[in-house]
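Order-wise, the sequence lines are chains A and B.
The first sequence begins at 1 in the UniProt record's numbering and counts up one residue at a time.
The second sequence begins at 1 in the UniProt record's numbering and counts up one residue at a time.
If you're looking for bench data, these hints aren't it; they were derived computationally from the structure.
Hints may contain errors.
Stated by the list, open to error - With a straight-line cut-off of 30 Å between C-alpha atoms, the simulated DSSO-like cross-links for lysine-lysine are: (1) B:Lys280 <-> A:Lys169; (2) A:Lys205 <-> A:Lys138; (3) A:Lys205 <-> B:Lys351; (4) B:Lys93 <-> A:Lys351; (5) A:Lys175 <-> B:Lys280; (6) B:Lys205 <-> B:Lys330; (7) A:Lys205 <-> A:Lys329; (8) B:Lys94 <-> B:Lys57; (9) A:Lys351 <-> B:Lys351; (10) B:Lys280 <-> B:Lys93; (11) A:Lys169 <-> B:Lys146; (12) A:Lys138 <-> A:Lys329; (13) A:Lys315 <-> A:Lys48; (14) B:Lys169 <-> A:Lys146; (15) A:Lys280 <-> B:Lys169; (16) A:Lys115 <-> A:Lys205; (17) B:Lys175 <-> A:Lys280.
To be verified - Calculated Cβ distances over 10 Å to all of chain B for the following chain A residues: (18) Asp3; (19) Lys19; (20) Ser39; (21) Lys48; (22) Ser64; (23) Trp86; (24) Phe167; (25) Lys169; (26) Asn170; (27) Glu202; (28) Gly254; (29) Leu286; (30) Pro294; (31) Thr300; (32) Asp302; (33) Gln318.
Claimed, not checked - Which chain B residues stay away from chain A? Per the calculated CB distances, all over 12 Å, these: (34) Asn45; (35) Glu63; (36) Leu82; (37) Asn319.
A virtual CB, placed ideally from N, CA and C, is assigned to each residue, including glycine.
Number of protein chains: 2
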Amino acid sequence: MTDSPIRFGIIGCADIARKVSRAILLAPNATLSAVASRSVDKAANFAKANGFPPEAKIYGSYESLLDDPDIDAVYMPLPTSLHLKWAVLTAQKKKHLLTEKPVALNVAEFDEILKACEENGVQIMDGTMWMHHPRTQKMKEFLDDKERFGQLKTVNSCFSFFTDPDFLKNDIRVKPDLDALGALGDEGWYCIRSILWAADYELPKTATALRGPVLNDAGVILECGASLQWEDGKTATFHCSFLQNLTMNITAIGTYGTLHLTDFVIPYQEHEASYIASAKPGFNDLVTGWTSLPSQHTVTADLPQEVCMVREFAKLVQNIKKNGAKPDKKWATISRKTQLVLDAVKASIGKGFEPVEIVN
Amino acid sequence: MTDSPIRFGIIGCADIARKVSRAILLAPNATLSAVASRSVDKAANFAKANGFPPEAKIYGSYESLLDDPDIDAVYMPLPTSLHLKWAVLTAQKKKHLLTEKPVALNVAEFDEILKACEENGVQIMDGTMWMHHPRTQKMKEFLDDKERFGQLKTVNSCFSFFTDPDFLKNDIRVKPDLDALGALGDEGWYCIRSILWAADYELPKTATALRGPVLNDAGVILECGASLQWEDGKTATFHCSFLQNLTMNITAIGTYGTLHLTDFVIPYQEHEASYIASAKPGFNDLVTGWTSLPSQHTVTADLPQEVCMVREFAKLVQNIKKNGAKPDKKWATISRKTQLVLDAVKASIGKGFEPVEIVN
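Could you build the full structure based on these sequences and the hints that come with them?
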């Protein structure tokens, strides 16, 4: 017997919800059951434009969707400042929660959300899609290869995109009452996650913001960077910005190997994605060229990364629903560490670029 | 009438001198005339092993080479701590100076060397070979393209290679009395240069060392990083290390474009070299892939980059010798700025990672 698909409701019609709607439609173990907006017309239009099945329900309020007994899980693409309220309510209504990132404005809020999820036995996962791409697993195998990659020494990660004056004036990501974490929340989240991912989720001991962040008049971060330091000497840097060209790089360097890719958040193409691995390269005798050149590895993606994410989330929910399993803690733990580092970077900016200790 | 080739003498038989000997042999306007070592046998063996012409002179002391009236120019691959003495003497002996980098232990020493060169009317150039690769010019054209690259916003540069226990114990680059600047001088020099190059040699206003540098027991830097800040908001970071895999990356991000390469110091292959340029990329409608993918550009090198360097240096010397021109100041200015930033990074490490102002 096949498990029945997980019935998703979406609260909020943000742009990103279009992609995730499609992902829910494409995921083999999920189905699109409802969408809610503060305006029922907006919800109806969204459902129509995004291929919702005819039986999908249209709600004019988030509450009514959360009260629907035929919804198993909620995808929440709301502005970060609304997460606490709606995530907690989602959990209290016993709906599993796939939430956009950043999960919360800070780790205190995160912990309130997590507590609500734990108390209500619901799964939580954040929407960091690239984690679920099959390429990510392949790259991790390289990082874990003690012979070819060795021990991780440093990571540099960058995520930026250039925004126009309208974005910088009106987008929710520059508004202190909406996505108050700005570029740090929208882009830096991915950089921090990539660094933690490379470091096997070992938390750095300190985060030190780099000098020269750009904040708007309301104090929202438009561009910043940080360096992270681990107990064992590992280091990392990242840079995120709304003010410069679209760039998505990870370079992770070990004692013997280097991993490199330039489209980590959203692969250039949907059906395949590449990375560069360099293992124990050296120079020729006169040091006029390299021996053993870096090699490009391409990984086929049968499903887009956001579909893999929905499938993974729905699988965990199915396991809870069908087998009475406990919610999986892995994703919550990873999310929380990301939020902890993000908090520390923000605090370091506030403290004039002093290092801020990261305490789990 | 063809200008006669510039007659080079080499003082010191360091490993790097093998590559530069070949470059002098291959350069159309240069010739290998002499080599000096503190041991005449070592010099003779070096000349033999590196294809010196039979008429080349072999000297058992640097002084005697500098006294040879048939030498126009000296290539100096000595440890950094010896540069001041021998560079000044080279200039006083009216020999033009192609010196290995870092030019000096600090900018005060640099200025003594520069003063000696200016007073004696001799050309100085440092041995930063990649500057002379035709790829470098092509990449600069992209960075200068206001339509495709826009305004430079940030640069990240990394140069590292993994060294063995013998290197870490015995190499001159870990000895405080020889190459006292360690990885910062040997590798960071290139990173700093790449950043200055991308920034049109505009000096940053401050340098802030990143936390977590690794120093050996004698205080020599084995690994470090820094962030640089410009008046106009530009920023840069770099990382250099003897303790991690061979990596040579530059990522320069402008408002509209991104330049990226992974072999900037020594191209993977001698006859051609590539870089990646991304100009005004965007996402498809659902943000599941990119539009206008980055493109790889390959530049053919008719001559190896170190030959281009020798040729450029010899051309400047020929212009002085034949036309009575003044020494070209461009390379000295670029060198000095590199040294200034290097000094500031070192000072910042010494000051507990406080930002250090860079004053020209």
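Hint check:
no., hint, result
1, B:Lys280 <-> A:Lys169, "21 Å, holds"
2, A:Lys205 <-> A:Lys138, "28 Å, holds"
3, A:Lys205 <-> B:Lys351, "21 Å, holds"
4, B:Lys93 <-> A:Lys351, "55 Å, violated"
5, A:Lys175 <-> B:Lys280, "26 Å, holds"
6, B:Lys205 <-> B:Lys330, "21 Å, holds"
7, A:Lys205 <-> A:Lys329, "22 Å, holds"
8, B:Lys94 <-> B:Lys57, "19 Å, holds"
9, A:Lys351 <-> B:Lys351, "18 Å, holds"
10, B:Lys280 <-> B:Lys93, "53 Å, violated"
11, A:Lys169 <-> B:Lys146, "24 Å, holds"
12, A:Lys138 <-> A:Lys329, "23 Å, holds"
13, A:Lys315 <-> A:Lys48, "27 Å, holds"
14, B:Lys169 <-> A:Lys146, "24 Å, holds"
15, A:Lys280 <-> B:Lys169, "21 Å, holds"
16, A:Lys115 <-> A:Lys205, "25 Å, holds"
17, B:Lys175 <-> A:Lys280, "26 Å, holds"
18, Asp3, "27 Å, holds"
19, Lys19, "5 Å, violated"
20, Ser39, "23 Å, holds"
21, Lys48, "16 Å, holds"
22, Ser64, "28 Å, holds"
23, Trp86, "23 Å, holds"
24, Phe167, "13 Å, holds"
25, Lys169, "17 Å, holds"
26, Asn170, "19 Å, holds"
27, Glu202, "15 Å, holds"
28, Gly254, "6 Å, violated"
29, Leu286, "5 Å, violated"
30, Pro294, "7 Å, violated"
31, Thr300, "15 Å, holds"
32, Asp302, "14 Å, holds"
33, Gln318, "25 Å, holds"
34, Asn45, "16 Å, holds"
35, Glu63, "29 Å, holds"
36, Leu82, "21 Å, holds"
37, Asn319, "28 Å, holds"
In this structure, the earlier hints numbered 4, 10, 19, 28, 29 and 30 are contradicted, and the remaining ones agree with it.
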